[in-house]
Structures are given as structure tokens and as C-alpha cells.
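*Asks:* In this note's numbering, the protein residues as written are 1 to 255.
Fair warning: there could be bad hints in the mix.
Simulated restraints on C-beta separations [what the hints assert, rightly or not]:
| id | residue 1 | residue 2 | range |
| --- | --- | --- | --- |
| 1 | Pro-100 | Pro-224 | 40 to 50 angstroms |
| 2 | Glu-62 | Glu-132 | 18 to 28 angstroms |
| 3 | Pro-212 | Asp-40 | 27 to 37 angstroms |
| 4 | Arg-96 | Ser-180 | 19 to 29 angstroms |
Calculated directly from the structure, the hints in this document are not laboratory data.
In this text, a Cβ means the ideal position worked out from N, Cα and C, and glycines have one as well.
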Amino acid sequence: MQIAGSSALVVGGAGGLGEATVRRLHAAGASVVVADLSDDRGKALEEELGVRYVRTDATDEEDVRAAVGEAEALGPLRISVDTHGGPASGGRLIGRDGEPLDLAGFRRTIDIYLTGVFNVMRLAAAAMARQEPQDDDRGRGVLVNTASIAAYEGQTGQLPYAAAKGGVTAMTLVAARDLSPLGIRVVTIAPGTFLTPAYGKAGDQLEAYWGPQVPHPRRMGRSPEYAALVQHICENDYLNGEVIRLDGALRFPPR
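Given the sequences, and given the hints that come with them, work out the whole structure.
*Replies:* Printed below as a string of C-alpha cells:
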């Protein structure tokens with residue numbers, strides 16, 4: 001698929017993985033819409049790169065419709081990358097006090113990390129289906145979602161987050177099959193531990209803890225490495241229905 005001349009929607013595009021992706025796709029010639037709730041960072045990217053910032057809650061239908069519409073106005077929407085995040089509840093299923101894990105917190109985490117991804121997928125795919133096929137493969141676009149290696153080996157106390165990310169991985173093949181008649185691909189990236197600006201001063205401590213646990217290279221991941229994989233997924237038409245771990249061979253221990 002040709003990135004140049006296409007429009008791209010990056011949900012969570014003002015965050016670490018998302019910002020790196022925005023920069024990569026912009027440099028490759030895409031017209032990019034940054035959909036996020038971080039007004040300061042989103043507007044800064046808009047001013048620096050000339051991309052379009054749209055304040056967007058991924059769980060809100062009208063917000064995502066508006067962001068998709070902005071992307072369509074810039075050119076044929078062929079790329080949607082979802083890196084959005086938010087607060088995630090945690091704790092053991094039964095706490096040390098004997099109380100069960102909070103149901104409201106579980107529902108909130110599922111809503112942000114799973115339902116939000118579904119919302120973006122369905123609305124972005126509907127827009128892609130309206131585009132003319134681009135090449136001999138009759139491709140119309142690609143949806144790139146973000147899971148986590150916690151989907152496979154979630155740690156103690158990560159049950160809501162692991163369940164949500166597990167749902168994202170499970171949707172990948174089914175969505176690819178659903179959308180195959182339309183020429184729309186679906187691929188998910190499952191990152192390991194990535195060092196992003198969101199960690200602030202705690203980043204050094206996290207690097208010291210996680211870095212030595214990664215088999216190779218012995219460090220946390222970097223956002224441009226995620227963005228590079230996004231670009232390859234866009235350009236490699238034979239990647240479809242797959243979840244790709246990006247983790248340096250890290251496997252989460254129980255805790």
C-alpha cells in the first residue's frame with residue numbers, strides 16, 4: 001500500500017507511541033489526523049508538522065466519527081492506527097482483605113482499552129470501504145491496533161488490562177476475515193515494555209528495572225521502533241490478521 005497521498009488517523013497520536021507514528025507517517029507522505037485528548041501536545045504537533053489535531057475520546061461514537069471525517073477531508077483514508085490509552089484498574093481478583101476486585105474499575109478498563117478499539121475500528125473501516133481500491137491487490141486500507149504482551153502473560157494484579165488487551169488480540173483475525181471482501185487489512189502490535197515520555201522522571205527507574213529483563217537488546221523499547229513497524233505493516237500487503245509481538249523476546253514473569 002502506498003502511504004504517500006493517503007490520509008492516516010492516529011488515535012492516541014499525542015502520546016509516545018502515537019506521536020512517533022504520526023511523525024513517521026507524516027514523513028512518508030501521509031496527511032495525518034492526530035486524535036487525542038491531550039490538547040497541548042496535539043496542538044503542538046499540529047503547529048510543528050502541519051498535521052490536523054482533533055480532540056477525541058476513543059470510546060465516544062461522535063468524537064471518532066468527527067475525527068474520521070477530518071481524515072477523509074484530507075484525502076482517501078487508508079490508514080488507521082490506534083495507540084490510545086487511559087487509566088487501568090488493577091489488583092488481585094481477591095484482595096488481601098478478602099474483597100473481590102472492583103467491578104466498576106474492570107468495566108472502565110474494558111471500555112477504554114477494548115471497546116474504544118472496537119469503536120475506532122468499525123468507524124475507520126466504514127470510511128475505508130468508501131475508497132477506491134488502490135492497487136492490483138484491490139486494497140483499500142489497513143487498521144493497526146495496539147495490544148500488549150500482557151494479553152499473553154499478564155502479571156499478578158493485571159487482570160482487567162490483560163483481559164482488554166486479550167480481547168484486542170482476539171478481534172484481530174476475526175476483523176481481518178470480516179473485512180477481507182472490502183480489501184481492508186487488520187494487524188495488531190503487541191508491545192513489551194516501552195519507554196515513553198509519559199513516564200517522566202520515573203523513566204530511569206523503569207529502565208533500570210525492565211531493561212535487564214529483556215533478553216536482547218537489554219533495554220526497554222523505543223517509540224520509533226513501534227512506528228517503524230507500523231510503516232512496514234502499511235507497506236507490506238501480505239501482513240494481515242496477525243498479532244506481532246514487539247518485545248525483545250521479553251516474557252512477563254508472574255509479578
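*Asks:* Would you pick out the hints that fail for this structure and give their numbers low to high?
*Replies:* 4
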